[in-house]
Amino acid sequence: MKRLLFLLLIVANLSAQYRSALPGYRYVFPRDHFDHPEFQTEWWYYTGNLRDTQGRELGFELTFFRQAVDRTAPPATWAVRDVYLAHLALTDITGKQFFHAERLNRAGPGLAGVAESAGRIWNGNWQVKWMSATTMELQAIDPRFSLNLKLESRKPPVIHGENGVSQKAQGLGRASHYVSLTRLAVTGEVKLGDEVRSVTGQAWMDHEFFTHQLESEQVGWDWMSLQLNDGRELMVFQLRRRDGRVDPFSSGTLIERDGRTVRLSKIRMTPGRRWNGYPVEWTVEAAGLKLFVKTRLDQQELVSAQPQSPTYWEGAVAITGDATGVGYLEMTGYRGAVSFGQR
Amino acid sequence: MIRLFVRLILRPLRAEPVRTLLTVLSVALGVAVVLAIELASDAAAGSFRSSIETVAGEADYEATAVGGLDEQIYARLATLPIAIKVRPRIEDHAVLVDTKQSLPLIGLDLVAHALDRTSASPTVAAKGELILATASGHKAGDTVTLRVNDHDHQLVVRATVPSETSFAVVDIGTAQRLLNRPGKVDRLLIDAAESLEPALKKALPPGITLAPFGARTEENRKMLAGFRSNLVILSYIALVVGAFLIYNTISVSVVRRRNEIGILRAIGMTRSAVLTMFLAEAAIFGVTGILLGVPLGRLMAEGAVGAIGATVQNLYVSSQPGSIALSVAASLKAVLAGLVVTLAAAWAPAREAAAIAPVEAMARGRKDYDTGIRQYRDLMIAAGCALLAYLAALMPPIGRRPLFGYLAAALLVLSAALATPAFVHAATRLLRTLLRKLLGVEGLLASQSLDAALRRTSVLIAALITAVAMLVSVGIMVGSFRETVIQWIDSQLQADIFLRPAVPATADRFPTLSLGIAERVAALPMVAMVDQFRAYSIHFRGLPVTLGSGDANVVRQRGAFKLLEGDPDSAYQAMLNSDSAIVSEPFVNKHGVHVGDVLQLPLGEQIRAIRVVGVYTDYSNERGYIIMHRARLLRYLPDPAPSNLAVYLKPGAAIVPAQRAIEAALADARVLVLPNQTLRREAILIFDRTFAITYALELVAVFVAVVGVAGALLALVIDRRRELSLLRFLGAARYQIRKLILCEAGLIGLLATLGGVILGGVLSLVLVYVINKQSFGWSIQFHVPIAILISALTIIFTATLLAGLYPARVALSLNPIEVIHEE
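The listed protein sequences correspond, in order, to chains B and W.
For the first sequence, our numbering gives the first residue as 1, with consecutive numbering after it.
For the second sequence, our numbering gives the first residue as 1, with consecutive numbering after it.
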């Protein structure tokens, strides 16, 4: 569900031009794994915990964003109808290093975009390529490191919220369409420096599209994808309000071993130790479980070099308590409120 | 020792402030000119890396193609699964209509690569707006009119970037629209490790050049090296003239102090101490001159940079002059040159001072100036130098640099300097009777005193000869060149009317006309034919060249299709029917290409084999031309927009009404409609502007020489105060004394002019046939611009005469009684 975003201080864009996320949306896969240009904002998140053959622990994040800018622009090659932002991060947990990179493009002559026919979502030479209805390849290259991963989904897509919408605030359309692949088995290679490492692990995919933006009293969110060793997964998020309280529209989903989902509205997320203002340890109470979520490395903050994109914390976490496992934690709005598009 | 130095050297200097000042001034000017040229040519020619590079960043490689790269290649490289970063760029020029300022127009992918220091980039891209350098004088929010090629566009300035040089940045899509280059980018800047080069090359079509970033800058530097070295050598002339003057000054100083030196030597001063003492005197001139010269040079560079910049733009490459930076290297070079020249010039007289035997100096009776002059021996050496100069002039260039040509010129100057005493001696003897008849007894005395003080006067005359000779020789060279160009223009410019976009064009910048303009002109009733010429700046064997295309049929029928090499008929047929080209003479000289050779040219995305079928004369730029038939080149570079049009009228059609009709038909386009006469005048104007800097350098050298004449005459007067006073005692009137001094000045001027014309004539041959030919490859017909030379020489002669006025006044102010008392 939540997930950050940019706030390109772009052109006036009237959300009236775009479609809202309304209840009753009928998902069709694999079509709905690709883009929905009639919605203003869309993103695909891939995060995962990996381990190489020597036991080195790694975490990765590869994210593609699409933000509609101007649908009135003529469909010329260089028209800025949408902008595509992408984030790439690698956490070397064992080596205690964190790398991240970002890029921004328009579709241009093929610089970035989503092509359902080719099964591709890409931004420059970072891409996701769907090989079948349940498998995909991730490829991302940075001068310092690169990823070449094969992902195989072990569970059907999870649709969060109720009746096809994940509500973010009171009112019709103040919601998003939110779908996840919660258990992706990973094999592949991670190149770090000059060394190529064979890796295996678990990944998670989030895909969300919507037109509604955060309410002005909502300053940010804390989101977790937790993959438990007992075969279950848990997604929880809370929206934080300007007055410091937690927004009532915070919620979550429990995914059973067989893929059945349970919507969670009563969740409790208690921040613990902080690093640089970010709570990097949490106690999560949901679905009758009490879990201790701890970061696997403090420094997993993505600091943007560009004023257009936000600075946030997103990183690999380990789970103890009533169940064990690994996951990813995202925290936004700790360095100023998050906004999409224009406020 | 210090006290001795103060007494022997410093005091006399102080006693004659004007003379000291003039000598210092000559060194200062020499150093200043050397520094000014160095700084100015650095600023004008050295700063190809435009300020946009500092704003938009550099890269490891750049990919370029003639006619531009397909934008798809950008996406192809950007998505290659290797660690690279690619940035596209479009580069051209535009004119800000309100201020008539021409500035680089840069198209960048402003979404992917937001410009430093402005966060507005993606908005600029989305809205088709503009980012301007602050130097343009506009603010964010202004709407400006930008003239691109032959169209005006209104754009909103979204942001400004602090910069001293002007430029405009737009998004790549906006640039394509403004320049009418859909689907194309000019360059791709690529960041990639060297190990990825093979992968990059594999991903690019063969006609695309992948070169390390900055290679183009290097090429430009290489191309300009010849031009620069000629300019730099020219700048040293003033310093060489200054050297003669230092030599003269120190010689005077030595001669005058013979007695003191003799005494000092007798009481135990060593030779080396004497040597050091006089070298130190020279060093005082040198150091003071340098201290004045460096700031002066910095100042003069401001003036020179415009002139040099114009030359560079006309002949080679468009580059906005950068800001002048007083670099340590350039300053050090000028300082060193100043010191070395001063000390070298002072070496001979200082050594002579050291050689004075105590006995000789103590002896009674003044041994005067003529010591040490061995006319015959010097004349023999002079002849030897001249012979060597002749041999050097026959040698081929070294690496396209006429090093032996320079050597020949230097040897000729040396030869002239050595021959000057004999020349002055012979000339004064010859002129003696004539002078007496014309100018009376003062004329006779003047000629005799020149001859008597031969040692001193000859150095002075040699200095002036050098300056005059440089003026004459460069004057003849430029004059010959100008005449040749005029004749060439007459034969070349056959069309009646020419059209081009109303924006500046330079040697490597070819703005284009919109499509349809040629057709609209051709449809006018008085127009017989229209030739569309298109030019591209391309790279051939690591050097920039202009690739052009025109209609061979039109040129054949109406224009000038004359070839230096190759048969016009078969060349014409070959151009129509095959991948053939004619090339310009400078191109041939530069690349050693001949008729029948095949050139591998990158055209579009492929390499094409183009056969050379003819060589033609061209003086319009030094880069060289490759010309193909329009229809043939369009196959490979399909952009049909012409750079300019040559319009031929029907027989009997008058030019002025035709011009009006064309202007009326094209009222909506920003084009210049130039009648043949106007273009001709413009070409000559450009030519003269191109050589303005050479004239300026010459004038400084002459000025230094004239200053030297004044200084030396002053010394002569002071030394001869006994003689002059005696003349007064013997009844000479004041006006006679003045006349005597002016006669001497005039005689010096006359002899120097004579000698300068002779030496200059010989030097001009070296310049025209050796140095110019070897460094630029232009055939120039010899032509003496008599009127210009005569007026220049008259001015110099008058200036020398005027230089005698002050010494004459000093001579008159001497009190004869006091002077005789001294003795």
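Worth flagging that the hints you see were computed from the coordinates, not collected in a lab.
Since we're looking at a predicted model, the values are computed, not measured.
All C-beta atoms, glycine included, are put in the ideal place defined by N, C-alpha and C.
Don't take every hint at face value.
[Unchecked claim] Not the full set, but computed from the structure, chain B residues with beta-carbon under 10 angstroms of chain W:
id	residue
1	84
2	111
3	139
4	156
5	173
6	297
7	321
Results for each hint:
1. 84: holds (9 angstroms)
2. 111: holds (5 angstroms)
3. 139: holds (6 angstroms)
4. 156: violated (31 angstroms)
5. 173: Because about 26 angstroms separates residue 173 (chain B) from the closest Cβ in chain W, which is outside the 10 angstroms limit, the hint is violated.
6. 297: The hint is violated - residue 297 (chain B) has no Cβ within 10 angstroms of chain W, the shortest such distance being about 24 angstroms.
7. 321: Result: violated, 41 angstroms to nearest chain W Cβ.
In summary, the numbered hints that this structure violates are 4, 5, 6, 7.
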